[in-house]
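Undergrad: For reference, the chains in residue letters:
Number of protein chains: 6
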Amino acid sequence: MGKKLSHVKPDGSVRMVDVGRKRASVRAATAEAIVRMNAAAHRALKAGTLIKGDALATAQIAGILAAKRTAELIPLCHPIPLTHVDVAIRLRGRDAAVITCTARCVGQTGVEMEAMTGACVSALTLYDMCKALDRGISVESVRLIEKSGGKSGPYRR
Amino acid sequence: MGKKLSHVKPDGSVRMVDVGRKRASVRAATAEAIVRMNAAAHRALKAGTLIKGDALATAQIAGILAAKRTAELIPLCHPIPLTHVDVAIRLRGRDAAVITCTARCVGQTGVEMEAMTGACVSALTLYDMCKALDRGISVESVRLIEKSGGKSGPYRR
Amino acid sequence: MGKKLSHVKPDGSVRMVDVGRKRASVRAATAEAIVRMNAAAHRALKAGTLIKGDALATAQIAGILAAKRTAELIPLCHPIPLTHVDVAIRLRGRDAAVITCTARCVGQTGVEMEAMTGACVSALTLYDMCKALDRGISVESVRLIEKSGGKSGPYRR
Amino acid sequence: MGKKLSHVKPDGSVRMVDVGRKRASVRAATAEAIVRMNAAAHRALKAGTLIKGDALATAQIAGILAAKRTAELIPLCHPIPLTHVDVAIRLRGRDAAVITCTARCVGQTGVEMEAMTGACVSALTLYDMCKALDRGISVESVRLIEKSGGKSGPYRR
Amino acid sequence: MGKKLSHVKPDGSVRMVDVGRKRASVRAATAEAIVRMNAAAHRALKAGTLIKGDALATAQIAGILAAKRTAELIPLCHPIPLTHVDVAIRLRGRDAAVITCTARCVGQTGVEMEAMTGACVSALTLYDMCKALDRGISVESVRLIEKSGGKSGPYRR
Amino acid sequence: MGKKLSHVKPDGSVRMVDVGRKRASVRAATAEAIVRMNAAAHRALKAGTLIKGDALATAQIAGILAAKRTAELIPLCHPIPLTHVDVAIRLRGRDAAVITCTARCVGQTGVEMEAMTGACVSALTLYDMCKALDRGISVESVRLIEKSGGKSGPYRR
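Residue numbers (this note's numbering), protein chains in the order written: chain A, 185 to 341; chain B, 185 to 341; chain C, 185 to 341; chain D, 185 to 341; chain E, 185 to 341; chain F, 185 to 341.
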């Protein structure tokens, strides 16, 4: 009940919370996004993967670049010198691509937004690459899978 | 069957397709994202909305700014001088926020990626604002709702 | 009395207004900023100007670059393909530098924010270059000097 | 008399000074900007504030985002991982809005440019939100209010 | 003899030249960069290409993204809504990779800087991908290959 | 023979390698780029240098700004809070400009890409400033000159 939206001040305005007194520690977070598409798009993506990989490579690189720019996109995120970003994409069944983004830093605040942003932008890029084959593609279930480091301790969905 | 991933060349590498010969016309697209959260986060957001609106304002502005930067984030998107962007957020039931992003331009290519990107980044921002109250928030169902302008004609999900 | 904040919707939320139906025309705007500093900083800047010009060149270039990025900085500004930007800086009296930024485009919306942003960032850069000599430098009177093009007609302060 | 423009080399060209040997310490700075507008704009802003807050929220968020991007805008500023940014806006009298931006980091160089940039861009955003009601709005007196941390000791205007 | 540096004003300061009165036409430019590396790096890149393509895909995508951001990097370049960008990379002999970047727009100014920037950043990315295998890699001969559109007529090296 | 492209994973996809366990140390790197131009361009640049310096100042500043944005341009580079960047340009003979960019940081990974990127973008800017006088300008021999700090020890070409 005493819990508050952490970025909102008593007068209702917003701020980037002060993390200057937090202890620097290794922080890691992994987020996942699922892209749902029709069979034609899935087949084309799969063929692309096995032979050349470029559509998936594009989405992977877009996710890595976006994770690094999280603080420009999410207004109240702290700029974080990430020490590691990895985006993996695997095709599942006949209609899904599962994107996993892991981010790491040594710092005073967590990197879950970096992982979430990387997964989201990678998913949007897959959408862009495949939309000529299926206008009904959707990005589903972008969510945090796990998180470690910091005072609040490890989290695993 | 003859359909292809439009951004992939015969040799498997990628490109930003040439839209220089397409006719300039009014293009519009609307995308939607749903953010699912627990009751505590939803209540805090709702209280915020009715009294001050700043958490929602932050998400709204983040979405507008991101829509304008789509071509920096999605590698094969064309830079587009958008003439209009609007992000609306409404709280629904006890656990959802529905984000709708509409983008418009007068140009040679569609703006669905701009609408999708605006909705996604707005959703990520809501996640960021509320994550202190619920670590299990997810972004669901980011998808195109409607689209008009261009050769392929109007689309409505 | 019926006048409204143009970017605010009836429900109080914000949007990037739709300029898609406005007529494209040549738009121009000039803004001015005055940087006030102590005599030591002014002398150093003046010596720099006459002999090498680099401190002023830095401020000039920063202003030009910033004018081009206005839509990234000011949330509800439209992205505008500027056709011209010019930043001029002249030293005045013993304690002032006057920065004038002119922007132009052929488009559907005005460029006064581009001129204002260019003048402001150029002024901040001068501040940065000189702050080792005077901690009390201030940027004064950033304002629109003139504006032309568009439905509302020419304006001159 | 021996004082020099710190970013200018003996040959007159510029550089980003080397701060690698400075000691990391907590650095803070607060800057202020005043936006002067007519009564109509002030009233609209005030009504907006009390009821919905969105015009002010937009300016506040723009300032926070800009503070984080200072090193991209001001050529010779060091990239700084800010630990805190706060922008507050209060309406004063019948014609002014006072913007205060505070920035903090744990680092090797001061954050006064971050505070100045945040205040300036927040002021420009207020200008943009209100310019339909008053073309003669001006940004006045952007200046450093206080600063702490670092070798040169605390400063208070 | 009457020829001048086009971006330099009579007083020696710089500007983004006014292209507002130029006629909009289809503009295209192609630039080339050669990356020279040792045999080990070349072999690894080649193996990568044939089997998976990802190192080359990364460089290709980096080039496309950079071409779109030319006006942010090159101070006096105009922002240009590119209608097409393509980066191709082919391995040559035992020690070279040849990068070709083509850019196109319908606009008032040429796109050679966009082609040059795309080629350069793609080359830098290849360097980055391979530098663990060869510290002596160099980027050679970044230059314009051909150009068309605009008043000055076609150019071919 | 066991050497690998460091950014490529066993499955052929790419990642930003994890530097979180590397020891923070002072890192420095210097890169060089040579711009080759005709005598007319060289003379104009030289005249400009001696009298006003602005064309060279523009290229110098563009290089400094680009070095700071390396991680946005090169997909797998880590974001690095640089403590120092310096770009020097000297005219040589009758047809060359030699650009030297030095970058420094205290961190977990090297700064050679920052030095290379600064040199390259500075060279591209010189090209842009002079291209009205010589369409055949080329950027040659962008390469690392020296590097220090980190486990692999100092390097000097």
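There's no promise every hint is true.
Which copy? The list can't say, so a pair holds if one copy fits it or any two copies do.
As the list claims (entries may be wrong) - Below are the DSS-like pairs computed for lysine-lysine, each with C-alpha atoms no more than 27 angstroms apart in a straight line:
1. 335 / 206
2. 206 / 230
3. 230 / 188
4. 193 / 230
5. 206 / 188
Simulated from the structure, these hints should not be mistaken for laboratory data.
Undergrad: If a hint holds in the structure, say so; if it does not, say that too.
TA: Hint check results:
Proximity of residue 335 to residue 206 under the C-alpha cut-off of 27 angstroms is found in both arrangements, the shortest distances being 9 angstroms within a copy and 23 angstroms between copies. For the homomeric pair residue 206 and residue 230, neither the shortest alpha-carbon distance inside one copy (45 angstroms) nor that between copies (30 angstroms) is at most 27 angstroms. For the homomeric pair residue 230 and residue 188, the shortest alpha-carbon distance between copies (12 angstroms) is at most 27 angstroms, but the shortest distance inside one copy (45 angstroms) is not. Proximity of residue 193 to residue 230 under the C-alpha cut-off of 27 angstroms is restricted to the inter-copy arrangement: shortest distance 16 angstroms between copies versus 48 angstroms within a copy.
In this assembly of identical chains, the alpha carbons of residue 206 and residue 188 lie at most 27 angstroms apart only when taken from the same copy (19 angstroms versus 37 angstroms across copies).
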